[in-house]
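Based on the sequences and whatever the hints tell you, model everything.
There are 2 protein chains.
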Amino acid sequence: MTKPRPYNFSAGPAAIPLEVLEQAAAEMTDWHGSGMGVMEMSHRGKEFISIYEQAEADVRELLAVPSHFKILFMQGGGIGENAIVPLNLSRGETADIVVTGSWSEKSYKEAARYCQIHLAASGVESQFTTVPAPANWQISKDARYVHVCTNETIHGVEFHALPDLKALGCDAPLVIDYSSHVLSRSVDWSKVGLAFGGAQKNIGPAGLTLVIVREDLLGHAMSVCPSAFNYTTVAEFGSMYNTPPTYGIYIAGLTFQWLKRQKEGGLQGVAAMEQRNIAKAKLLYDFLDSSSFYNNPVDKNYRSRMNVPFFLADASRNDAFLAASKAAGLLQLKGHKSIGGMRASIYNAMPLAGVQALVDFLRQFEKTRA
Amino acid sequence: MTKPRPYNFSAGPAAIPLEVLEQAAAEMTDWHGSGMGVMEMSHRGKEFISIYEQAEADVRELLAVPSHFKILFMQGGGIGENAIVPLNLSRGETADIVVTGSWSEKSYKEAARYCQIHLAASGVESQFTTVPAPANWQISKDARYVHVCTNETIHGVEFHALPDLKALGCDAPLVIDYSSHVLSRSVDWSKVGLAFGGAQKNIGPAGLTLVIVREDLLGHAMSVCPSAFNYTTVAEFGSMYNTPPTYGIYIAGLTFQWLKRQKEGGLQGVAAMEQRNIAKAKLLYDFLDSSSFYNNPVDKNYRSRMNVPFFLADASRNDAFLAASKAAGLLQLKGHKSIGGMRASIYNAMPLAGVQALVDFLRQFEKTRA
Numbered sequence: 001m002t003k004p005r006p007y008n009f010s011a012g013p014a015a016i017p018l019e020v021l022e023q024a025a026a027e028m029t030d031w032h033g034s035g036m037g038v039m040e041m042s043h044r045g046k047e048f049i050s051i052y053e054q055a056e057a058d059v060r061e062l063l064a065v066p067s068h069f070k071i072l073f074m075q076g077g078g079i080g081e082n083a084i085v086p087l088n089l090s091r092g093e094t095a096d097i098v099v100t101g102s103w104s105e106k107s108y109k110e111a112a113r114y115c116q117i118h119l120a121a122s123g124v125e126s127q128f129t130t131v132p133a134p135a136n137w138q139i140s141k142d143a144r145y146v147h148v149c150t151n152e153t154i155h156g157v158e159f160h161a162l163p164d165l166k167a168l169g170c171d172a173p174l175v176i177d178y179s180s181h182v183l184s185r186s187v188d189w190s191k192v193g194l195a196f197g198g199a200q201k202n203i204g205p206a207g208l209t210l211v212i213v214r215e216d217l218l219g220h221a222m223s224v225c226p227s228a229f230n231y232t233t234v235a236e237f238g239s240m241y242n243t244p245p246t247y248g249i250y251i252a253g254l255t256f257q258w259l260k261r262q263k264e265g266g267l268q269g270v271a272a273m274e275q276r277n278i279a280k281a282k283l284l285y286d287f288l289d290s291s292s293f294y295n296n297p298v299d300k301n302y303r304s305r306m307n308v309p310f311f312l313a314d315a316s317r318n319d320a321f322l323a324a325s326k327a328a329g330l331l332q333l334k335g336h337k338s339i340g341g342m343r344a345s346i347y348n349a350m351p352l353a354g355v356q357a358l359v360d361f362l363r364q365f366e367k368t369r370a
Numbered sequence: 001m002t003k004p005r006p007y008n009f010s011a012g013p014a015a016i017p018l019e020v021l022e023q024a025a026a027e028m029t030d031w032h033g034s035g036m037g038v039m040e041m042s043h044r045g046k047e048f049i050s051i052y053e054q055a056e057a058d059v060r061e062l063l064a065v066p067s068h069f070k071i072l073f074m075q076g077g078g079i080g081e082n083a084i085v086p087l088n089l090s091r092g093e094t095a096d097i098v099v100t101g102s103w104s105e106k107s108y109k110e111a112a113r114y115c116q117i118h119l120a121a122s123g124v125e126s127q128f129t130t131v132p133a134p135a136n137w138q139i140s141k142d143a144r145y146v147h148v149c150t151n152e153t154i155h156g157v158e159f160h161a162l163p164d165l166k167a168l169g170c171d172a173p174l175v176i177d178y179s180s181h182v183l184s185r186s187v188d189w190s191k192v193g194l195a196f197g198g199a200q201k202n203i204g205p206a207g208l209t210l211v212i213v214r215e216d217l218l219g220h221a222m223s224v225c226p227s228a229f230n231y232t233t234v235a236e237f238g239s240m241y242n243t244p245p246t247y248g249i250y251i252a253g254l255t256f257q258w259l260k261r262q263k264e265g266g267l268q269g270v271a272a273m274e275q276r277n278i279a280k281a282k283l284l285y286d287f288l289d290s291s292s293f294y295n296n297p298v299d300k301n302y303r304s305r306m307n308v309p310f311f312l313a314d315a316s317r318n319d320a321f322l323a324a325s326k327a328a329g330l331l332q333l334k335g336h337k338s339i340g341g342m343r344a345s346i347y348n349a350m351p352l353a354g355v356q357a358l359v360d361f362l363r364q365f366e367k368t369r370a
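Order-wise, the sequence lines are chains A and B. FYI, the working numbering numbers position 282 of the first sequence as 282, with every residue one higher than the one before it. FYI, the working numbering numbers position 153 of the second sequence as 153, with every residue one higher than the one before it.
Hint data in this document are derived by calculation from the structure and do not stem from the laboratory. Among the hints, erroneous ones may be present.
As a list, the in silico SDA-like pairs of lysine to any residue whose alpha-carbon atoms are at most 25 Å apart [said to hold, decoys possible]:
id : chain 1 : residue 1 : chain 2 : residue 2
1  : B       : Lys282    : B       : Glu264
2  : B       : Lys337    : A       : Met240
3  : B       : Lys109    : A       : His220
4  : A       : Lys106    : B       : Glu274
5  : B       : Lys282    : B       : Gly340
6  : B       : Lys46     : A       : Leu312
7  : B       : Lys282    : B       : Glu27
8  : A       : Lys106    : B       : Met240
9  : A       : Lys46     : B       : Leu312
10 : B       : Lys46     : A       : Gly329
11 : A       : Lys3      : B       : Glu27
12 : A       : Lys106    : B       : Ala221
13 : B       : Lys46     : A       : Ile339
14 : A       : Lys109    : B       : Gly238
15 : A       : Lys106    : B       : Thr233
16 : A       : Lys46     : B       : Ser102
17 : B       : Lys3      : A       : Ala25
18 : A       : Lys337    : A       : Ala313
A short, non-exhaustive set of chain A residues, derived as facing chain B with CB atoms under 7 Å [to be verified]:
id : residue
19 : Asn8
20 : Thr29
21 : Gly80
22 : Gln200
23 : Pro245
No residue lacks a Cβ here, since even glycine has one placed at the ideal position from N, Cα and C.
Printed below as a string of structure tokens:
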């Protein structure tokens, strides 16, 4: 008898839907009778081009990306983009950043290599347990863009509505780093100039970066921007100026197809997934709030649906907790070293049953140890 | 009855050893009983760290990389490195490049964003069918490095000995772009400062770049170098400053293990592979030279063992040739659009039997059409 597959709560690289992995395994040595595995295909051949075009069309459909946005499949991840965004958008002038946790803090530091960086707001005083209200942001008059990390993977803080810069009297485009909640919810593109994210949470393997950029923002890269990371060049060549991470795009494509098949309460695709993610997060936060054995410190208005950090009131039980949870088939629950404690990342690939199993375990562990 | 697997002559992404693909498929949903596939593992977990460390140790052993060189697993490919190399080594001053084909020409153009670029020599007059003799290179006195592409994938030109810059009176480090022949032969590290290559020919999937750099060259990146592409930062963090392309590293590791198992004439690993590659190239070039129906224009002293461009004397037969070769189970033989004709890329994963099948087909096609 085979053991049931464990639930994997890794913050990223993270769980991938089992159906996607099984299809990838089945097609590994021969994709659709081509006699080649996907890894072995020329990126310019008709087989891979068809995989690429389907993936692009599917993500455009899933996220309802308007036609005046380009979809780019790049390399370098979120940390690469921290440089690539200012190289492409800042023109060496001024950019504004709202710091709400570790990731936007990294973005802030990196962008300073390329332009004047203005801190529009920071959640540091709350120890990044909440987001400063947009009405209080101090945005530069001459900002070339305003950068926000819409889900902070480490601190578990999420924007549940995108800031409306126009309503704040700001005409600059909004740049969102949506790495750790992309495709978990819909995006209001009317408020966005550019969105970027590493694939390794909700899309596919690490090494692929999904950039969605409004066309009017192209054409202003700094001269020191590497061609391979110049959005205009990448867009012009359909993400094939250099060899793209073909296998990552293929896995992303299988994930997009999986996502399109998901249904929940009469909804489908991302809308269905959003409902499921709301239910998963509610189940976990409600339990944490009901217990004094565990706690989550984040402002209820900004709690992430994807990354749930939590702490045992008695931190000396952490090692026992991790050993017992692993034995119970609940993997990778250790929190990020910078803040300690635990973290359950419950991305799209985590079913409600996995969160239920975690809550059952939390309750049981509390009962036997309290 | 299943058809035999076709032989795949793609220039890259290229054929991967069947054993590697089969092992990857078998481990796709559960790596070594961990309950996770490799794509789903945190790059900081002990499972992936063990995969990473084994891959690094294996490539160090296979290529006999001395301990004063760092091995970096990066993103961005060869075209990314065209910027990343000058960002890290040029200090904004002068770099020399020897242009021997399309790839070094791209490197030349891109590096000019960051420093003065001096053309030390060019094979353009020969239409890139040979390499200018090192004794005639005009190297700048103040070059921070000298860049050479040691195997030109499109033109099929390969350095069979690395230039000895010291013997030419030059103290600058030699930078080699070895993308398309890495691990096909040994490397004389005493002549090299830095070597870089995209993985998608002899190592694994596209999206992974293998950089090997002498330690004394670290520490001089330009301020506009993105942190994710700063060799010093990447080295300091063991290629985990940003999330590395974990699945690509895993496939590379399986390929390294496969390579270590290869034997030929009492030799093993890269030495065995080099013997086999010599035999494969000889078989194909000898046939091409014996025929007036086909030809390869490259100087015999610089013919690539990896990429064999060839032309039908009557180009009007090209389409018929490609259709017939595909029907015979010989895939992706079309030449690069910039020079036309055909190209057989016969990387490590191509067995001698595949080259024999190609020669048999070439002979047959000539016989029925001549």
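Comparing the hints with the structure gives:
no.	hint	verdict
1	B/Lys282 to B/Glu264	holds, 16 Å
2	B/Lys337 to A/Met240	holds, 15 Å
3	B/Lys109 to A/His220	holds, 19 Å
4	A/Lys106 to B/Glu274	violated, 45 Å
5	B/Lys282 to B/Gly340	holds, 23 Å
6	B/Lys46 to A/Leu312	holds, 24 Å
7	B/Lys282 to B/Glu27	violated, 37 Å
8	A/Lys106 to B/Met240	holds, 15 Å
9	A/Lys46 to B/Leu312	holds, 24 Å
10	B/Lys46 to A/Gly329	holds, 17 Å
11	A/Lys3 to B/Glu27	holds, 16 Å
12	A/Lys106 to B/Ala221	holds, 19 Å
13	B/Lys46 to A/Ile339	holds, 20 Å
14	A/Lys109 to B/Gly238	holds, 21 Å
15	A/Lys106 to B/Thr233	holds, 14 Å
16	A/Lys46 to B/Ser102	holds, 23 Å
17	B/Lys3 to A/Ala25	holds, 20 Å
18	A/Lys337 to A/Ala313	holds, 17 Å
19	Asn8	holds, 5 Å
20	Thr29	holds, 5 Å
21	Gly80	holds, 4 Å
22	Gln200	holds, 6 Å
23	Pro245	holds, 3 Å
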